[in-house]
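For chain A, the structure is supplied; the task is to place chain L on it using the hints.
First to last, the sequence lines map onto chains A and L. Heads up, the first sequence is in my numbering, so the first residue is 4 and it goes up one at a time. Heads up, the second sequence is in my numbering, so the first residue is 4 and it goes up one at a time.
Among the hints, a few may not be true.
The list treats identical chains as interchangeable, and a pair is accepted whether it falls inside one copy or across any two copies.
Cross-link-like lysine-lysine pairs, in silico, DSS-like; alpha carbons within 27 Å at most [what the hints assert, rightly or not]:
hint : residue 1 : residue 2
1    : K394      : K299
2    : K63       : K81
3    : K81       : K34
4    : K63       : K288
5    : K288      : K81
6    : K29       : K81
7    : K29       : K288
8    : K315      : K29
9    : K63       : K29
10   : K29       : K64
Please keep in mind that the hints were generated in silico from the structure rather than gathered at the bench. As the structure is a computational prediction, the values presented were derived from the model and not from experiment.
Protein chains: 2
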Amino acid sequence: MIVKKGSARVDRVSPFYVMDIMSRAKTLESKGRHIVHMEVGEPDFSTPQPIVDAGVDFLKKGDVHYTEAQGLLALREKIAEFYTQQYNVKVSPERIFITPGASGALTVALATLIDAGDDVLMAAPGYPCNSNLIGLLGGVSCFIEASEDDNFQLNAASIASAWGDCTRGVMLASPSNPVGSMVDGETLKEIIQTIDERNGFLISDEIYHGLVYEERAVSALEFSDDVFVINSFSKFFGMTGWRLGWVIVPEHAMGAANRLMQNLFIAAPTHSQFAALAAFSGETKDILLQRCDEFKQRRDVLYDGLIELGFKVPVNPEGAFYIYADCSAFTNDSYAFALDLLEQVGVAVTPGLDFGMTYAERYLRFAYTTSIEEIKQGLEQLALYIDSRAK
Amino acid sequence: MIVKKGSARVDRVSPFYVMDIMSRAKTLESKGRHIVHMEVGEPDFSTPQPIVDAGVDFLKKGDVHYTEAQGLLALREKIAEFYTQQYNVKVSPERIFITPGASGALTVALATLIDAGDDVLMAAPGYPCNSNLIGLLGGVSCFIEASEDDNFQLNAASIASAWGDCTRGVMLASPSNPVGSMVDGETLKEIIQTIDERNGFLISDEIYHGLVYEERAVSALEFSDDVFVINSFSKFFGMTGWRLGWVIVPEHAMGAANRLMQNLFIAAPTHSQFAALAAFSGETKDILLQRCDEFKQRRDVLYDGLIELGFKVPVNPEGAFYIYADCSAFTNDSYAFALDLLEQVGVAVTPGLDFGMTYAERYLRFAYTTSIEEIKQGLEQLALYIDSRAK
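One chain only, chain A, in its complex shape (with noise of 0.2 Å):
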């Protein structure tokens, strides 16, 4: 067999560190073991039995054939009514292209946006795929080191300073992932108005929108129509696994969109399209605020945790689901120290390095994607393993 070498692309994507805790704790669960997952990015709870329902009464009429490229228009129009509703914005239906998942969403907003070489600001720490998905397409991940001072977010200044010859946009997540800090809307408008002075792109990420505990969520949509926007029916919605998001782009980038739209997908799930119309139901509605509560109670008790255990948490997250957490108080190798802790007492956590170098030695992110009583257990068991480690 020949050997072929593989492109250079694939090169500039990372792995995911997470991946080595995962695939240890899944060996260690098929020997009996009980693992406390505070490492995945994903919901605990099922999809909200509305959405099922309609999802299940889709399927059995059998047509499952695709929808249009964009996406079934009924579900665009009531995406647009949930933006006048929430953010008091008008979103015309055309300018609403349903991806399979914000994953999706992502690469129709970068490859409309991006070439080879251009360079596309973004916080660190910060998402992993974002800056894949940008070395993929051939472009430059250019990290703005964010901190306490600024929130662990982007601001105009910031973006400002960092602009260069070749800089084509920003990327900007809010809640973010993995410090679950939110920028707020003076900010927002400022970031866009420092953009627009450059003649660049926004992508705002907003998949974490809902799943606030302090302030509303500040879509960038309300400053400007000439905005990217992501989000997604996976977090807040609860759908993971029916792999469905959304773009909203400017009225220019329609057309790119859509043949993009046609070539990397055909079209979003047909069955994930006609449950979603059931998202927006008030009774769904009801489901998702409750959960909403459960959230922030778990953000209460990991929070209170870590920092009596002493972790240093830099930012008591306003929404998302995750906790990043300085745990320089006990080791300079977060990755060693989450393997190690997964190996002795249970608990898998995803080490900073998958978000990128910025002080990914001195981070760990904790999921409060588990119950809290799998929340206590994982504290109890971390403060065994810090214990033994003291010793």
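The following block gives chain L in isolation, referenced to the frame of chain A:
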């Protein structure tokens, strides 16, 4: 509002001319006109009941979480078994990646293999998304003009003579779209040898396997493990809207394919994967084979009808569900012909332009994805139209 330019990459993605046809057909239908649809590359049959039932059963449990990035092991095992039964080849489930449709499979294969500036050989006419995806990735599609003499397919000689300094590999589809012609085993073996001697790659698009009417379809895996094989649950298995396909990669590409899956898709739709577990049952197979018979009957009716009307059909299709018909007896502008045909007598077909520039203006693609009754009516309308043009 500042108008920002999109990426140059998007300009390398051609629009689908058939969209004009479909959109106009929709408008006419909304006014009460009956349209015979022979433009659609999607089987009219609904998803086989055992698959739908499996999907419903799975959804009722409500647990629609992510699967692993590579896809459900149980499904990959069933696919591996299918290769043993169908082609008498052994494929490890580790080499199988479940993707969001064959579109996702093509993206994974191409991103694994090509960098900007790389040339890829393929037959023209061919499936337009192939060259569009290559263009999105900065690669260059090099078309080998196929003709009646070579059954509208590639062969070792045409590949060897087209191979250039920047050529990295070949995309081959058998049965092909739009022609429906196949590559026989001996030819495929020679093609693989020719590519191997040049240290290139082969992406073998086998999505119409199963839908064959004369000889059995031969898989590239029968001759080499060092090939990328694309397949899909959409066409033969009747699962278009479920968005599920797969790619089989050589061992040396497994790591790259896994990283791409994680970043581009997270995973294929979970409910579709569980439903597809029923795609290989005996009960489903009986339904599918019966449909295959029906497709063959449709082909015969459409082929005979087109010949009788004066179309030239260089290849009586051996597989898939299209007839690529030379309409030069009637027009030298097949796009205008298609638009007028729809307008005057309500028959929708796809203009040759959608399959590359080779002979495009002389050809139309007729899809036999509608009932024999409808096909017969379409032929009658077509006769009326041709008659009226002659006057």
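How would you classify K394 and K299 at a CA-CA limit of 27 Å: within, between, both, or neither? For K394 and K299, the Cα distance exceeds 27 Å both inside one copy (34 Å) and across copies (76 Å).
Within, between, both or neither: K63, K29 at alpha-carbon 27 Å: Between copies only: 26 Å across chains, 35 Å inside a chain, cut-off 27 Å.
Is the C-alpha distance from K63 to K288 at most 27 Å within one copy, between copies, in both cases, or in neither? both (25 Å within a copy, 20 Å between copies)
Under a CA distance limit of 27 Å, which applies to K29 and K81: within one copy, between copies, both, or neither? Result: close only across copies, 22 Å inter versus 40 Å intra.
At most 27 Å between C-alpha atoms: does K81 with K34 qualify within a copy, between copies, both, or neither? For K81 and K34, only the inter-copy Cα distance (26 Å) is at most 27 Å; the intra-copy one is 47 Å.
Reference check for the pair K63 and K81, CA-CA at most 27 Å: within, between, both, or neither? both (23 Å within a copy, 24 Å between copies)
Reference check for the pair K29 and K288, CA-CA at most 27 Å: within, between, both, or neither? neither (34 Å within a copy, 35 Å between copies)
Indicate which option fits the pair K315, K29 if close means a Cα-Cα distance not exceeding 27 Å: within, between, both or neither. neither (29 Å within a copy, 60 Å between copies)
Pop the pair K29 and K64 into one bin, within, between, both or neither, using alpha-carbon distances up to 27 Å. between (38 Å within a copy, 22 Å between copies)
Measure nothing new, just compare the shortest in-copy and cross-copy C-alpha distances for K288 and K81 to 27 Å and report within, between, both or neither. For K288 and K81, the Cα distance is within 27 Å only inside one copy (14 Å; across copies 39 Å).
Comparing the model with each numbered hint stated earlier shows that hints 1, 7 and 8 do not hold.
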